[in-house]
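We have chain A already, so just place chain B with the ligands on it with the hints.
Protein chains in written order, with the numbering used here: chain A, 2 to 260; chain B, 2 to 421.
Wrong hints could be hidden among the right ones.
[Claimed, not checked] Cβ pair distances, simulated, as ranges:
{"id": "1", "chain 1": "B", "residue 1": "I261", "chain 2": "A", "residue 2": "F34", "range": "50 to 60 Å"}
{"id": "2", "chain 1": "A", "residue 1": "F34", "chain 2": "B", "residue 2": "V244", "range": "40 to 50 Å"}
{"id": "3", "chain 1": "A", "residue 1": "E190", "chain 2": "B", "residue 2": "G314", "range": "17 to 27 Å"}
{"id": "4", "chain 1": "A", "residue 1": "P129", "chain 2": "B", "residue 2": "G314", "range": "45 to 55 Å"}
{"id": "5", "chain 1": "A", "residue 1": "D74", "chain 2": "B", "residue 2": "I362", "range": "55 to 65 Å"}
{"id": "6", "chain 1": "A", "residue 1": "L89", "chain 2": "B", "residue 2": "I362", "range": "20 to 30 Å"}
{"id": "7", "chain 1": "A", "residue 1": "E84", "chain 2": "B", "residue 2": "T279", "range": "50 to 60 Å"}
{"id": "8", "chain 1": "A", "residue 1": "R127", "chain 2": "B", "residue 2": "T274", "range": "40 to 50 Å"}
None of these hints come from the bench; they were simulated from the model. Please read all numbers here as calculations on a predicted model, not as lab measurements. Every residue gets a Cβ at the ideal spot worked out from N, C-alpha and C, and that includes glycine.
Below, each chain spelled out in residue letters.
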Amino acid sequence: MTQTTPASKAMQPGGTGEQMILLEGVQKWFDDFQALRGIDLAVGRREVVVVLGPSGSGKSTLIRCINRLEKHDGGRIVVDGIELSDDLRNISEIRRELGMVFQQFNLFPHRTVLDNVTLAPRQVRRRPRAEARKAAMEMLERVRIPEQAHKYPGQLSGGQQQRAAIARALAMEPKIMLFDEPTSALDPEMIKEVLETMEELAESGMTMIVVSHEMGFARAVADRMVFMADGEIVEVGTPDHFFENPQEERTKQFLSQIL
Amino acid sequence: MTSIRVDTLEPLPGREEPPRRHVPPGRWLRENLFSTWYNSVLTVLFAALLGLLLYRVGRFVFVDGRWEIIERNLRLLLVFRFPDDALWRLWTAMYVLAGTFGLAAGAAATVRRAEVAAGRARPIGGRFLPLRRVAPVVVLAAVLLWLAGSVGATLLVAGAAAVAVLGRLAGTLLPRRYAKWTAVLALVGLAAAFGIVIGLGGVSPRTWGGLLLTIYLAIGGIAISFPLGVLLALGRRSSLPAVRVVCVTYIEIIRGVPLITVLFVGYLIIGFTLPPGTPTPSVVTRAMIGIILFTAAYVAEIVRGGLQSVPRGQYEAAQALGLSPVKTTWLIVLPQALRAVIPAMVGQFISLFKDTSLVFIIGLTELLGVADLITKQREFTAQGLIFETLLFVSLLYWVGSYSMSRESQRLERRLGVGER
Ligand SMILES: Nc1ncnc2c1ncn2[C@@H]1O[C@H](COP(=O)(O)OP(=O)(O)OP(=O)(O)O)[C@@H](O)[C@H]1O
Ligand SMILES: [Mg+2]
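For reference, chain A alone in the conformation it holds in the complex (with noise of 0.2 Å):
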């Protein structure tokens, strides 16, 4: 990498190479304020990158574009190939593609957990009942909460909600998972078991956008950083480059506020 301008870093796809996400001039208006200000990044496939940045700076609406909760105004987002348009089929086919873990978790309060976890792939991929409920299981091993299954959300710890959150999402098998602040509403003993099980889905090549502030996590596992502020891109580097030697003056301040 000769280049070091922040554009040709964000859209230098890691992990294997292949590019999975890519977003060119992404623009989002809220009426007349402009919350995303043409955003370029491309993410390849297995790789993991960590977006920070100051409240208020996009990160939310960047990765709800990405699976249509927002519209966005201008430039393109195409993810594995399909470009997001207008088009529904083209919606939910690039939904197909994309798990979303929420801050709040949103399960849904009125089903078991297993239910949860079955709902999407019976409804939506047709699987039949007992096929659903066994992957489901599996899913709910792979985050550590099998006993919880048959439990109302309601019954469970904030760390184990957001585990059965991701099972969620990992039960209609996606081939990318976005992560919006899924610590920040937990008690500090819960965060790290759902920072465990983010950790085992990255090393098993999950591809991975997560919004975090959780610095250790970032290290461990983060193939990119992106540092945004006001609706931009301000930095994007490795997690080396970051903690070792930020460029610019705004990431610098972010970062020594944080840790």
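Positioned in the frame of chain A, the structure of chain B with the ligands alone reads:
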């Protein structure tokens, strides 16, 4: 019962009973009723008033009241001019209802026990719950049978009660797999009962009156206005402006007029709005339509409140999983929204139940109509028996309303299990 800590899966130390203070009655009285001089005055005053009231009512019910007006007209009050030779249909319907509802209750109880055993639900209620649930109905049945003074009727009712109890026992033996169909079973029982009364040379509702008509209007009204109201509420949030405008207009117009107007207007114009050649529906059907149209608007607003209470995150999670908007609504949003509005919804249905009395305006003789009628009978006119009649009718309304209210509280607690 041992509890499990959800985060570490260790059994909790056996939960201790909350400390129960034993207060001698004398002290309890002193602390609660006679703590200050003005408390004492109030206590004495209200005790006196209450005693007087109880005495007067008791004396009226058991000594002064001339209940022969009810005894003589019990049949009219309950089923109005239902033909003698078709009465067996009503009895059969009663047995069908007793059986199916008993089965449904039994199966529901088994499911419930299993949930509790699996630690997914907290036990609710307390001792003698089934008994307490049916108590008002039992009291009512006892009063009716006492008034009827008929051995045959008593035996028939006892038989129905036995069928209900047996049904409940059978329900508990049903395999869990079938248990979820019991709600459907209860509905089928209701439909079957209706079919038995009207089908195959039966008695058309257009001739019904008394309590029978009241119940018919209430159940029919609830059963149809509920889904209609849900559709209106969903329509009000539709992304299609035309649908939205139609729903909002409908809801706001209906909510702006009294039920009595809706009934009357319905009575007058339903005949005209149908395509020529279709027979005009009976007055009872028109009353039913009026009640449904009216209630649906209120149900819609109640459901709308429920829909608004479902957090955005629920929609987003469903969307992110790839669920279609229809499935998101049906599987994720509506169940949560409806659960949140059970109390308001049941309140609306209790109103509907009592408001059926307004159909007198279009010439129908439901329970209250019969009550009015019998006080004007030649042998009872000008004897001031209106109070006996009203008290009796109130008892019927009260048992109905109170049962609905109780069942709604049960349902609420049952569905509330596992909520955040
Ligand atoms: N639905 C919306 N309507 C209007 N403005 C919005 C909306 N969603 C986000 N914004 C604005 O867009 C900007 C970026 O929001 P976003 O949620 O993406 O920030 P964030 O980086 O995720 O912040 P945080 O760390 O607090 O989660 C903020 O200024 C926010 O006020
Ligand atoms: Mg955010």
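These are the hints, each one checked on the structure:
no.	hint	in the structure
1	B:I261 x A:F34: 50 to 60 Å	holds (52 Å)
2	A:F34 x B:V244: 40 to 50 Å	violated (31 Å)
3	A:E190 x B:G314: 17 to 27 Å	holds (24 Å)
4	A:P129 x B:G314: 45 to 55 Å	violated (29 Å)
5	A:D74 x B:I362: 55 to 65 Å	holds (58 Å)
6	A:L89 x B:I362: 20 to 30 Å	violated (51 Å)
7	A:E84 x B:T279: 50 to 60 Å	holds (55 Å)
8	A:R127 x B:T274: 40 to 50 Å	holds (43 Å)
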